[in-house]
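Please take these sequences and the hints and turn them into a complete structure.
These are the residues of each chain, in order.
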Amino acid sequence: MIEPYVWWVILAITAATLVTRSGPHLLGAKLRIPPSFDAALRFAPACALAAIIAPDLVFTGEILNLTWENPKWIAGVVAAVIFATSRSMIATIIGGMAAFWILKAWLAG
Amino acid sequence: MSPRTAFRQGVRELMPAAPGVFAWGLVTGVAMVKSGLSVPEAIALSLIAYAGSAQLAALPLMATFAPIWLIFVTAVIVNLRFVVYGVMMRSHLAALSISKRIGLGFLVGDIMFARFSALLEREPHYPQPVAYYFGGACSNWMWWQVSSIIGIVGATGIPLSWGLELAGTLTLVALLVPLCRQWPVLAGATVAAVTSVIAHDLPLRLGLPLGILVGVITAFLVERQRGVA
Numbered sequence: 001m002i003e004p005y006v007w008w009v010i011l012a013i014t015a016a017t018l019v020t021r022s023g024p025h026l027l028g029a030k031l032r033i034p035p036s037f038d039a040a041l042r043f044a045p046a047c048a049l050a051a052i053i054a055p056d057l058v059f060t061g062e063i064l065n066l067t068w069e070n071p072k073w074i075a076g077v078v079a080a081v082i083f084a085t086s087r088s089m090i091a092t093i094i095g096g097m098a099a100f101w102i103l104k105a106w107l108a109g
Numbered sequence: 001m002s003p004r005t006a007f008r009q010g011v012r013e014l015m016p017a018a019p020g021v022f023a024w025g026l027v028t029g030v031a032m033v034k035s036g037l038s039v040p041e042a043i044a045l046s047l048i049a050y051a052g053s054a055q056l057a058a059l060p061l062m063a064t065f066a067p068i069w070l071i072f073v074t075a076v077i078v079n080l081r082f083v084v085y086g087v088m089m090r091s092h093l094a095a096l097s098i099s100k101r102i103g104l105g106f107l108v109g110d111i112m113f114a115r116f117s118a119l120l121e122r123e124p125h126y127p128q129p130v131a132y133y134f135g136g137a138c139s140n141w142m143w144w145q146v147s148s149i150i151g152i153v154g155a156t157g158i159p160l161s162w163g164l165e166l167a168g169t170l171t172l173v174a175l176l177v178p179l180c181r182q183w184p185v186l187a188g189a190t191v192a193a194v195t196s197v198i199a200h201d202l203p204l205r206l207g208l209p210l211g212i213l214v215g216v217i218t219a220f221l222v223e224r225q226r227g228v229a
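Taken in order, these protein sequences are the chains called A and B.
Throughout the first sequence, residue numbering follows the working numbering, covering 1 to 109 in sequence.
Throughout the second sequence, residue numbering follows the working numbering, covering 1 to 229 in sequence.
If you're looking for bench data, these hints aren't it; they were derived computationally from the structure.
Everything numeric in this text was worked out from a predicted model, so none of it was measured.
The beta-carbon is built from N, C-alpha and C at its ideal position, and this holds for glycine as well.
Heads up, a few of these hints could be off.
What the hints assert, rightly or not - Interface residues of chain A toward chain B, partial, derived using beta-carbon atoms under 10 Å:
#: 1; residue: Arg21
#: 2; residue: Ile33
#: 3; residue: Ala50
What follows is the structure, given as structure tokens:
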């Protein structure tokens, strides 16, 4: 069973994927990216990812929590450090989740 | 060289990255279900949209029933890097029919683009670039879908208290870090993060586009400042 809202979400993401992945192949071969758009291409994805990730990590429920009692943001910092040093996505996921679980167990115990 | 040989080479050269693709797909599958999608919903999203990071980015928006236009805009922005890939690869697909260009363009991914660029760096006059590309794309697609579906189906047996949806966010962290090597991007991303946290209480999750806007402006200003200095 797929809810109507989810169908719309699937459509929206598929459309966004088509526009960005297939779109460039439909443009004329001589077209070049204008410099201002080029800057937006470099900046926007990082800003979008940061704006998505941050609330996910610092809110517990609807409350801003930047203390040790919220293991999520600490796991995020650990993951960033691991990726910056190792360039390995697997190590990042495993290391970040390990930090999360260890802190959670420590807080509970 | 026959197209078949080039296709096989494309498949083969993606293999070293397969564990990474597999882990990412697995995590995305688990995160989709743990964020509230049903198993058929998650499988449909994975098979139809095949969108990796955009899927993950949409999850917190979906969980709060954000408006569809915001999900579309967010997915486009997260996917903007593919526009760069497309522009760079365009000449290699230009001779194909429109439907083939749409199809092959749709199948591009971060890892296979890296492989394809590396090949053309090594051998600028590689005789069968399209077949190589298609081989890498098919391999990437298969690893991704198989691991996503394993994650989706397996997730129902994993307790919510494990907090595995966090793994999806950590995957996005891994995508964000390498983008922040330049000061303007780092400054913009930091401001975007802080803005979206401060503006979190705005309706329709408008804190997200506001954060992106303020972040991009910050990055622009920082770059101009450094250009002048």
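Tested hints:
1. Arg21: Holds: closest Cβ of chain B sits about 5 Å from Arg21 (chain A), inside 10 Å.
2. Ile33: holds (6 Å)
3. Ala50: It holds, given that the least Cβ distance between Ala50 (chain A) and chain B is near 4 Å, below 10 Å.
Violation of the numbered hints given earlier is absent; every hint is satisfied by the structure.
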